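Enquirer: Sequence:
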Amino acid sequence: MGLNFPEIPAALDLQRMDLVPAVVAGGATLLLVAALLTRRRRGPVLTPLAVLLRGASFGVVALLLLGPVQRVHERRPGRLLLAVDMSRSVDPFARSQAWETLRVRPSGHPPPIGIGFGAHQRLLDPGFPVPSGPDADDLVSDPGPALDALLLRADAGGRAARLVVATDGAVALADEALPPAADLSPLLVALGSGGGLRVQSVGLDVTGPPVPGQPVQLLWRGTASAGGEAVLVVHVNGQETRRVVVSIAPGAVEIPATTPPLPPGRHVIGARLEVVGDDALDNGAVTEVSVEGQPTVTVITDSERPLVLSALRAQDLEVEVVTSSALAADPGVVAGTSVIVLDRVAAATLSAPGLLRALTQKVSRGAGLLYLPREDLGEMYDVRAKPFLDLLPLLGQEPPAPPEPEDEEPPVPPDPGLGLKPPDPDKPHKREKRKAPSLGLLLLVDSSSSMKGSKLRLAKEAAIAAAEVLHPKDLVGLVQFNLAPSLVLELTPAGDKTEIIDRVSRVKASGGTAFEPALEYAAEVLEAQDLAIRHVILLSDGESRPFRAKPLVSRLAEKGITVSTVGCGGSFDEVMLSDIAHWGKGRFHPAFNANEVPQIFTIEAERVIKATGARHRRDAQERPPVDPPTPPPSDDPPIDPPEPAEDKTEVPPDAIPFRLGLPAPYLGGVGPHDVPGLLGLHATRARPGAWVSLETESEKMPVLAHRTLGYGRVAAFSLPLEGAWAAHVIGWDDYQTLLSQLVRFLHPDASPRRFHVNAQSRGRSVVAEVLDREMRSLPAGLQVAVVDERGRVPDVSIDRVGGDTWRIRLDPRDGAAGLVVRVVTTDGREPVGGSDVALAAVPPPPEVADRGLDLEGLEAWARALGGRVVTGAPASLDVPERVTIRQEAWGEVLLPWLLLLLGSDLLLRRLWPGRLD
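In my numbering, the protein residues as written are 492 to 1408.
I should point out that these hints are in silico values taken from the structure, not numbers from a laboratory. It should be emphasised that the depicted structure is a prediction, and the values quoted were computed from it without experimental measurement. Glycine included, C-beta positions come from ideal geometry on N, C-alpha and C. Just so you know, not all the hints are guaranteed correct.
[As the list claims (entries may be wrong)] Straight-line C-alpha distance at most 25 Å; calculated SDA-like pairs for lysine to any residue:
{"no.": "1", "residue 1": "K946", "residue 2": "E1188"}
{"no.": "2", "residue 1": "K964", "residue 2": "L1022"}
{"no.": "3", "residue 1": "K946", "residue 2": "R1178"}
{"no.": "4", "residue 1": "K1041", "residue 2": "W1074"}
{"no.": "5", "residue 1": "K988", "residue 2": "E1188"}
{"no.": "6", "residue 1": "K1191", "residue 2": "S996"}
{"no.": "7", "residue 1": "K943", "residue 2": "G1180"}
{"no.": "8", "residue 1": "K1191", "residue 2": "E1087"}
{"no.": "9", "residue 1": "K946", "residue 2": "L1200"}
{"no.": "10", "residue 1": "K946", "residue 2": "T989"}
{"no.": "11", "residue 1": "K943", "residue 2": "D881"}
[Stated by the list, open to error] Restraint-style ranges between C-beta atoms, simulated for each label pair:
{"no.": "12", "residue 1": "R1320", "residue 2": "D639", "range": "51 to 59 Å"}
{"no.": "13", "residue 1": "F584", "residue 2": "S1367", "range": "19 to 27 Å"}
{"no.": "14", "residue 1": "E889", "residue 2": "I1094", "range": "22 to 30 Å"}
{"no.": "15", "residue 1": "S1367", "residue 2": "G729", "range": "37 to 45 Å"}
Between the sequences and the hints, there should be enough to build the whole structure, so can you do that?
Expert: Below, the structure written as structure tokens:
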């Protein structure tokens, strides 16, 4: 049996390369000496054999001294790295199915490393199903930290891995500084919404006017992912009042509901659609309803039988009469009334310091005031002498002095030295026709829940006022938006006043606030029209959901669509609105007092017209005279034109016709069509922020206007409603209707309690401001208490951030649709004087609102990671093998051969001694 000399490997490395020259030189010397010594001896066979044995032994020893090693390649299956989205935006069924498919690996493969990401990352055990339930469903979804941890594992494993991210795309935006992962062949598995029934609320609308003692008609609006049964639960003021089983179909869902009969007052109503297996974070909606009772009216007059009194009592209103002297003696006689009517009381009498202070305080705390002036010349003029006039929405003008007779003088011809030329009678006068560019004005009005009440009413008035400025042929449109935009008024000629008023009046408030969809929708509406000037005015009172505003608004500006913004109230996002106006090449107008919104809209429309050279409403009214066309010559006999029909309406020569001005709630069904006109009125003009609802036809002088003062409203006529000036108004068919509707309009919405609460939603937080109607600063020992629309105490944190301001943060996992805030003492009792309640609707978390697949988000992460998107988890995945290079000492196999050579040499010495020396 022969021995095989070990084969030298191709990948043989010598660790001690520095010994190679010494070993080679030493070996050559030893071989030379051995050869010289052996030549002196006789032995033709033994001498070469001895040299061979000793040379081979030396070669083996030299090789061992160089430390040869052999590289051995080991191949092992790579590892699968899984990042699973654990947020609520992902359907639990779809997530569980993807995990079950991906966690099972073939035999011989290592188990995958799984990390669930959300607000925090957690390790997932591949031997168990994916966790489910409220403890595992985070509301924030950011895979960045989880990916960083997985990529570190990949580095430790020699990048022999495959990265898989299972998500719906509703995650954080791709970071440019994301670690490279293209060599891991990333795969993004799109998790759909699954087949279960899930519903999401859009809003809760009141479909009918609230009537005391009658049920309120409601409409719950939302969407459903599939058909099935659900339970609609209605809460009123924290108490469950209705529970109805309903059947729903996939898509948009509208479910009517009713409340029990409600008494007068403010009521918080919530409706929630309960579905088995669906979370309750986005199924509820909330609204606030004000059921107005009958106002208590006090008429201040010195007339024995005022017509105002009989008109109000004919409309079933409770009216009390007080003389002006009694009011001056004791202003407290109006303490219990809700509306004060001042019928021909001298302004000088009302300007007494004590009485004026009492009236101002009464109106500022929520009462209504109606002023009917006397006919005396200058009654509504001179605010300095009569400071009461400063409360009114009308500002009196100085009455004209009586004309003095003067002798007529002949006209003076122009002085030739001044360079003036007399007109040429032969040259016809031509007026140049101005070619103005066409204008399209689109109004974006925030219709979120925080805009309810006076702010939304003033926004409607502002929209109509802006349309009044435009040329009748220019276009105006309105888009209401909360979390989604809705086209209320498509681009319509500004001269179509009836259509504009009808459409604008349909705007209702509900839901949260998001600027991005509204701005994108505005671009679609304006780009569809061939207009030279396209301008957008965005009005909001709160904060929008975060979005990349600069690229969007800059893109609009590049397309010629300019954007201006208006912030309404005291809680709007000033930084965001001002940035949007800057990027949109428009203006930012802060309106901390909501009463300024109509005036701001008018000013902004005027500014755009002036800056762009567009047409104004005046241009349609100031038309040059046009000569009638000359008929062509004809041989036919001329035909006499028909005589005009006789106008049977007798119009007094001195009557001043008046008409409807801006729309107002108290003008419903009222029109001055059967009134010949007014026989006199005080010369006035509207105060800034006032709303003129009736005006004269020729000079547009105000006849009736109203304004907001503090928490109350003040309305004023520019003439009394009886007497010589109102001789034709007395017989007006709508006389009683107008008065009763006006008084009900002035009736305060708020309760007369001491502490007033204003709550504004800012995402999942609420800022509550408390006003003491009796003192400038809040007394000590007060705090705010919070419940949700169901009457339960939500999971919130409350911090006092100012003397009268609290910030309330709602836990992301809490399912409250709205927070009801009130003032209590530190021990939880009702404060002295009582407290109003304020409702702030809270939108669901962004992760819940973004139901379904976000394909843009998925593609963004795929580009950042260098991977691709697939729908559904693949059953098999190719994972790169892990190759390990191991070094083994190769010299160990030579040791037996070295022993064999040395033994052979020793045996030769023993058998033939002396012959090898």
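Enquirer: Check each numbered hint against the structure and report the violated ones by number, ascending.
Expert: When the structure is compared with the hints, numbers 1, 11, 15 turn out to be violated.
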